[in-house]
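The sequence shown maps to residues 1 to 171 in my numbering.
Any given hint might turn out to be false.
[To be verified] Derived DSS-like pairs (lysine-lysine); straight-line CA-CA distance at most 30 Å:
| hint | residue 1 | residue 2 |
| --- | --- | --- |
| 1 | Lys91 | Lys60 |
| 2 | Lys140 | Lys102 |
| 3 | Lys102 | Lys47 |
| 4 | Lys102 | Lys72 |
| 5 | Lys107 | Lys91 |
| 6 | Lys144 | Lys107 |
| 7 | Lys97 | Lys60 |
| 8 | Lys97 | Lys107 |
| 9 | Lys107 | Lys143 |
| 10 | Lys106 | Lys124 |
| 11 | Lys97 | Lys124 |
| 12 | Lys3 | Lys107 |
| 13 | Lys140 | Lys97 |
| 14 | Lys91 | Lys72 |
| 15 | Lys107 | Lys140 |
No wet-lab data here; the hints were simulated from the structure.
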Amino acid sequence: MNKNSNDHIISIMVDNEPGVLARVVGLFSGRGYNIQSLSVSEVDSDKFLSRITIVTNGTKIIIDQIKAQLLKLIPVHNLVDLSEESSFIGKELILIKLENRKNNRKKTLNIANKYNASILNDGKNELILEMIGTPLDISKFLKKIRPFGIIEITRSGLVSMSLGRDYIKKN
1 MNKNSNDHII SIMVDNEPGV LARVVGLFSG RGYNIQSLSV SEVDSDKFLS RITIVTNGTK
61 IIIDQIKAQL LKLIPVHNLV DLSEESSFIG KELILIKLEN RKNNRKKTLN IANKYNASIL
121 NDGKNELILE MIGTPLDISK FLKKIRPFGI IEITRSGLVS MSLGRDYIKK N
């Protein structure tokens, strides 16, 4: 990996219609760019708009190419590289299913409590936890909880927005 390569959070406002996500993802895969995280949701049902948040990695030249190519796509209205904003908020959600062992239960719950994870299901054989946090906090939590028998994990992908006015939404 290039030492000048950095993670970038690109937030894209697009038409909410079939095939748009495939075109955006196709742009990345067709050019060999990696998507580290992807989140999509409708944000304006009256104007049929969705926001796509993509975390990718690249040099300034590569990221500038990605942004220029994204803006050429017909369903893309606007985009912002939140990594270049002075301040933004970004969070992820993780659901994690663990083995529910009596001998580790207290330690597991102490770690969950330390990271503000909630118990969603306390079954006989498994325990399902939910945590919301920054990608770094979630990675730290996973490192601590991993020895206690992870059965399954799912992560939402990063959702984020700039502080202050909405720089991405036009009209």
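Hints versus structure:
1. Lys91 <-> Lys60: 24 Å, holds
2. Lys140 <-> Lys102: 24 Å, holds
3. Lys102 <-> Lys47: Outside the cut-off at roughly 52 Å; violated.
4. Lys102 <-> Lys72: Between Lys102 and Lys72 the Cα gap is close to 56 Å, so the pair fails against 30 Å, i.e. violated.
5. Lys107 <-> Lys91: Measuring from Cα to Cα gives roughly 25 Å; hence the hint holds.
6. Lys144 <-> Lys107: 10 Å, holds
7. Lys97 <-> Lys60: 38 Å, violated
8. Lys97 <-> Lys107: At roughly 15 Å apart (the allowed maximum being 30 Å), Lys107 and Lys97 satisfy the hint.
9. Lys107 <-> Lys143: Satisfied, since the Cα-Cα distance of roughly 14 Å is no more than 30 Å.
10. Lys106 <-> Lys124: Holds - the C-alpha atoms of Lys124 and Lys106 are around 15 Å apart, at most 30 Å.
11. Lys97 <-> Lys124: Holds, at roughly 12 Å.
12. Lys3 <-> Lys107: Distance ~39 Å between Lys3 and Lys107 Cα, so the pair is violated.
13. Lys140 <-> Lys97: 17 Å, holds
14. Lys91 <-> Lys72: Between Lys91 and Lys72 the Cα gap is close to 28 Å, so the pair holds against 30 Å.
15. Lys107 <-> Lys140: 16 Å, holds
The earlier numbered hints that this structure contradicts are 3, 4, 7, 12.
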